[in-house]
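K.L.:
Sequence:
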Amino acid sequence: MDTSSDGSGRGSSGVPGLGSSGGSGLGSAVVPAWAGALAGLCAALVALGVAQLVAGFTAPAAFPVIAVGDALVDAAPAPVKDWAIRTFGENDKPVLVAGVFVVLLAVAAGLGILARRKLWYGGAGLALLGLAGGAAVLTRPDAGQFDVLPTLVGLLAGYWTLKWLLGRATTTTTTAVESAEQPPVQWAPGMELSFDRRRLFTGAGGAVVVAGAGAALGRAWSTGDGVESARRSLTLPAAASPAGPLPAGVDLKLPGLTPFVTPNQDFYRVDTALIVPRVDPAEWRLRIHGLVDRPIELTYDDLLKRPLTEADITLTCVSNEVGGPYAGNARWLGVPMADLLRQAGVAAGADMLLSTSQDGWTCGTPLDVVLDGRDALFAVAMNGEVLPVTHGFPVRQVVPGLYGYVSATKWVVDVKVTRFDRDEAYWTPRGWSARGPIKTQSRIDLPRDGAQLPKGRTKIAGVAWAQHKGVEAVEVRIGGGPWQQARLAATPGPDTWRQWELDWDAVAGTHTIEVRATDATGYTQTPQRAEPAPDGAAGWHAVRVSVLA
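Using the working numbering, the first residue of the sequence shown is number 1, and each one after it goes up by one.
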């Protein structure tokens, strides 16, 4: 317990255990450790709630927890990212944000315990947390000058809450007679400090209410910015080059088999962004520059005035394991990328497009692939509706035959025509291949791994893909026996996956079912397994099933 130099046992504020207004806490002998931890937790919650409220008015991505999470995503080595995707799938980002919250609250609880002795311990700790959050916010590629405000205002609110709660946790009692000249808040002989559990709990309850209200209002404001309403109000022009109806027999319509067209809400997502960028189409611009003769800049309206092309294209993520779910097929509508590049006039020697998302993510796409005649698009629609926000509204790239990390930039705003020996995209320095052509793959959807089946006739079915080459054959092997040709569904072209099926007279026992595909170039999948890094997984997909006697 701090005392003044006169040895009287009084703190310089005049109350035992309370130091000067600039720096003392309440005395660990008065406030128990659990109460200090509670005060620290509530202070952190208020800081975060207020920060989210302010971020709702400035920029949602300026919320410090999100900024710190984004920084961790960028700093994490590729094996850690791969593990997170394999373990948590599309929930890897919420898990990361939850982890940041847990660490912050644990640190705040410790700061509350320290602040019982000296309040400035807690203040200094909160300031360090604020510095880390502010640095993460300001180093974001799209950071603005006011983006640090959520962190600063939240930090001040958290410090005030910590001081207020620790003050409420104590009451004074006295056996001395108070004179008119000595107000009750001043220390007098016989006055003592005691812990007040009720006042702490009521104050903590109020702090939690404030934190929750701030967070709710901040989220509501940030998601109610009019982007979704602007999206819903759009009516897109018809395609100048429509894809036409799908051929008969393109979907085998077997229960449990992946449908040929993936519904938008089921289409896979693997983002680096913790908060989906929300771009107003009225403010969106696409800049094409670099090694070009005539740099151009387009508005959304400019883009929609150009002839639109419709195409069925399957996209695949390079992080997809053999037999994994990160592939999906959709009908896309957009402007051919080649048309805009030719308008800009690509200079001799250029071999790469470095595209940039609204949130600063970059992607390197081989130029020759975009110019070779395939349906590489600046897409504005997906499966007959305006591009969903989560899939890149207002505009994203779609390039058949390349993994998404080198082709499928969502929320694209900038394309620099350059060279691979001059520029690197986001994933290349993290150990991934610079070019990323999709490998021929096949997957068993029916039966599922571990399934128990009755004896007799059953279906083995799945999908196979070899984008921009096309799937020519699928073979199935059961229990190490001979390969059998599966029946292929129809396909609209070489840029989509293809369903397949095989009838099997199942006999009792445990069986391993394997599948392999052959593409139009004559290449048949290798049995050699390869991890996704650095250029995509390889190997045969297999499931193990039990047939009941």
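Hints listed in this document are in silico derivations from the structure and should not be mistaken for laboratory results. Treat the hints with care, since some could be wrong.
What the hints assert, rightly or not - Once the Cα atoms are required to be at most 30 Å apart in a straight line, the calculated DSSO-like pairs of lysine-lysine come out as:
#1 K469 to K455
#2 K118 to K253
#3 K163 to K455
#4 K118 to K163
#5 K469 to K253
The structure presented is a predicted model; accordingly, all values stated were derived computationally and were not measured.
K.L.:
Hint by hint, note whether the structure agrees.
P.N.:
Status of the hints after comparison with the structure:
Under the criterion of a C-alpha separation no larger than 30 Å, the hint pairing K469 with K455 is inconsistent with the structure, at around 38 Å. Taking the CA atoms of K118 and K253, the gap is near 69 Å; set against the 30 Å cutoff, the hint is violated. Under the criterion of a C-alpha separation no larger than 30 Å, the hint pairing K163 with K455 is inconsistent with the structure, at around 71 Å. For the suggested pair K118 and K163, the alpha carbons sit about 10 Å apart, so the restraint of at most 30 Å is met.
Note on K469 and K253: the hinted pairing holds, with a Cα-Cα distance of about 24 Å set against a maximum of 30 Å.
When held up to the earlier numbered hints, the structure conflicts with 1, 2, 3 and fits the remainder.
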